[in-house]
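S.K.: Okay, here's what each chain looks like letter by letter:
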Amino acid sequence: MVVVLAISANAQKGEFKFDINYNYSLPMGNFKSNIISNGSPRGASGDVMYSFSNTISAGLGFGFQDYYQKYPRAVYQTGKNEATSAVLSNSIQTIPFMAKIVYSPLASKAAPIQPYVAGGAGFSLVSFTQTLGEFGGTDNGASFAAQAGAGVFIPFGKLSGSGIRLGADYNYLPYNKNGFGSLNTLDVKAGVYFPIR
Amino acid sequence: MIRGVLAVSLLVVAAVMTGCSKDPLTNLTTSETQIYITDRDSNANFSTYKTFTISDSVTVINNGQAVREINPTDSAYIVAVKKYMQQSGYVLVNSNQSPDIAVDVSRIYNTSGVISYADYGNYYGDYYDPYYWGYGGYGYYVPYSFVYQITEGALSVDLLDLKNAAAKKKIDFIWSGLIRGEAVFNANTADEQIQALFSQSPYLKTSN
Numbered sequence: 001m002v003v004v005l006a007i008s009a010n011a012q013k014g015e016f017k018f019d020i021n022y023n024y025s026l027p028m029g030n031f032k033s034n035i036i037s038n039g040s041p042r043g044a045s046g047d048v049m050y051s052f053s054n055t056i057s058a059g060l061g062f063g064f065q066d067y068y069q070k071y072p073r074a075v076y077q078t079g080k081n082e083a084t085s086a087v088l089s090n091s092i093q094t095i096p097f098m099a100k101i102v103y104s105p106l107a108s109k110a111a112p113i114q115p116y117v118a119g120g121a122g123f124s125l126v127s128f129t130q131t132l133g134e135f136g137g138t139d140n141g142a143s144f145a146a147q148a149g150a151g152v153f154i155p156f157g158k159l160s161g162s163g164i165r166l167g168a169d170y171n172y173l174p175y176n177k178n179g180f181g182s183l184n185t186l187d188v189k190a191g192v193y194f195p196i197r
Numbered sequence: 001m002i003r004g005v006l007a008v009s010l011l012v013v014a015a016v017m018t019g020c021s022k023d024p025l026t027n028l029t030t031s032e033t034q035i036y037i038t039d040r041d042s043n044a045n046f047s048t049y050k051t052f053t054i055s056d057s058v059t060v061i062n063n064g065q066a067v068r069e070i071n072p073t074d075s076a077y078i079v080a081v082k083k084y085m086q087q088s089g090y091v092l093v094n095s096n097q098s099p100d101i102a103v104d105v106s107r108i109y110n111t112s113g114v115i116s117y118a119d120y121g122n123y124y125g126d127y128y129d130p131y132y133w134g135y136g137g138y139g140y141y142v143p144y145s146f147v148y149q150i151t152e153g154a155l156s157v158d159l160l161d162l163k164n165a166a167a168k169k170k171i172d173f174i175w176s177g178l179i180r181g182e183a184v185f186n187a188n189t190a191d192e193q194i195q196a197l198f199s200q201s202p203y204l205k206t207s208n
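Residue numbers (the numbering used here), protein chains in the order written: chain X, 1 to 197; chain H, 1 to 208.
Hints are computed from structural coordinates only; laboratory data are not their basis.
All C-beta atoms, glycine included, are put in the ideal place defined by N, C-alpha and C.
Careful: at least some of the hints might be erroneous.
What the hints assert, rightly or not - With a straight-line cut-off of 30 Å between C-alpha atoms, the simulated DSSO-like cross-links for lysine-lysine are:
#  : chain 1 : residue 1 : chain 2 : residue 2
1  : H       : 82        : X       : 80
2  : H       : 22        : H       : 82
3  : H       : 22        : H       : 163
4  : X       : 80        : H       : 163
5  : X       : 32        : X       : 158
6  : X       : 158       : H       : 205
7  : X       : 158       : X       : 70
8  : X       : 13        : X       : 80
9  : H       : 170       : X       : 80
10 : H       : 169       : X       : 80
11 : X       : 80        : X       : 177
12 : H       : 50        : H       : 22
13 : H       : 50        : H       : 205
14 : X       : 32        : H       : 83
15 : H       : 22        : X       : 70
16 : X       : 80        : H       : 83
Claimed, not checked - So these bits of chain H aren't anywhere near chain X, every CB distance computed over 12 Å:
#  : residue
17 : 33
18 : 69
19 : 103
20 : 107
21 : 165
22 : 180
23 : 186
24 : 187
25 : 199
26 : 205
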């Protein structure tokens, strides 16, 4: 009985856990319709979490994602009577930092697949470059960021504190600049986690 | 241990940032670097202009100094401008036949400061003697403003109102086209570039 209770494969109370993930991101809403519609395969994310109980952990999340799209040559109205024909390129990088909480109800039962839900809030650094041809500029700033997600932890074994993480997150990122309203995204991620002892 | 993990993870993210970001400027072909900008005098009624004349040389403006030159590439641009002006309905005449419009083609090189068409207009008298058009003593007036920092070559096509110069006592710019980017001066692409300027300016059309 004691041995079984000791097998809390994922989140042992009082333990730090680290995970690092590959992140694929899909722009949503205004981001998709007005700035960049292409998905981004260039991203990574990570968490450092502390287990307050066998099912609940909290900590810090961070990440990076690069978005890019080039549009065919078109004519843009750039002044009252001024028109500019150009190839327009948009490039955005986001670097979020968030306080996060994760709830995994089956973590204490050493289940082979342990679903979780997660949430977080913090801020994101945003770098937005827009060019017409080879001419343009970059705007750097920071914005409030929030996240809600779900997925599964798959321990490498019953006694293992390490494993694979698969999940999806919806990211809320208001961006009230240059007439754009938000940079919301839907991300999917895959990575590994392991305890820090 | 925690600090070590955080340090490693930030290093990983930094490596992803520098290794995986797409630089927009390195993902453009030479043609895609180029932009075509046009502007016009909103008060100009182009349907009232019927004839034009064009200089048989271009002005080369290099950091405020101007000379007149002609080479095969320049000729290609002058031929293209003639072609698209005529396709827009204008009749080509000699400068001594009282043309309604004067057309100037300029190659601009500027490695310092800002070149603006307001300034450009101020310098225009140095580059284009008003006597050349038969309106000695008149100044030039630019009703719109291009303000660009040109640190590379640019090609400019300007239409000047000679028809109303005597009445206004000045020569107005009524339309300008500016081509900027890499490898702008290219005889092989001159026609395509000038066509782009005229295509985005359908208001230039007149009828004869």
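S.K.: Are all C-beta atoms of chain X more than 12 Å from that of residue 187 of chain H?
M.R.: 20 Å, holds
S.K.: Find the nearest Cβ of chain X to the Cβ of residue 165 of chain H and say whether that gap is larger than 12 Å.
M.R.: The claim holds: residue 165 of chain H sits with its nearest Cβ about 21 Å from chain X, beyond 12 Å.
S.K.: Does the claim that residue 199 of chain H lies off the interface hold, with its Cβ farther than 12 Å from every Cβ of chain X?
M.R.: 8 Å, violated
S.K.: Could you grab the alpha-carbon distance between residue 158 of chain X and residue 205 of chain H and see if it respects the 30 Å cut-off?
M.R.: Violated: residue 158 of chain X and residue 205 of chain H sit about 79 Å apart, past 30 Å.
S.K.: Measure nothing beyond the straight line between the CA atoms of residue 80 of chain X and residue 177 of chain X; if it is 30 Å or shorter, mark the hint as holding.
M.R.: Between residue 80 of chain X and residue 177 of chain X the Cα gap is close to 21 Å, so the pair holds against 30 Å.
S.K.: According to the definition I'm using, a residue is off the interface if its beta carbon is farther than 12 Å from all beta carbons of the partner; does residue 205 of chain H meet that for chain X?
M.R.: Nearest chain X Cβ is 15 Å from residue 205 of chain H, so the label holds.
S.K.: Please work out if residue 32 of chain X and residue 158 of chain X have their alpha carbons no farther apart than 30 Å.
M.R.: 42 Å, violated
S.K.: Is the Cα-Cα distance between residue 169 of chain H and residue 80 of chain X 30 Å or less?
M.R.: Holds, at roughly 26 Å.
S.K.: Mind checking the alpha carbons of residue 158 of chain X and residue 70 of chain X for me, to see if they're no more than 30 Å apart?
M.R.: At roughly 48 Å apart (the allowed maximum being 30 Å), residue 70 of chain X and residue 158 of chain X break the hint.
S.K.: Is it correct that the beta-carbon of residue 33 of chain H has no partner in chain X closer than or equal to 12 Å?
M.R.: 4 Å, violated
S.K.: Compare the distance between the alpha carbons of residue 32 of chain X and residue 83 of chain H with 30 Å, and conclude whether the hinted pair is satisfied.
M.R.: 42 Å, violated
S.K.: When you check the alpha-carbon spacing of residue 170 of chain H and residue 80 of chain X, does it fall within 30 Å?
M.R.: 24 Å, holds
Going through the hint list in order, the structure does not satisfy hints 2, 3, 5, 6, 7, 8, 12, 14, 17, 22 and 25.
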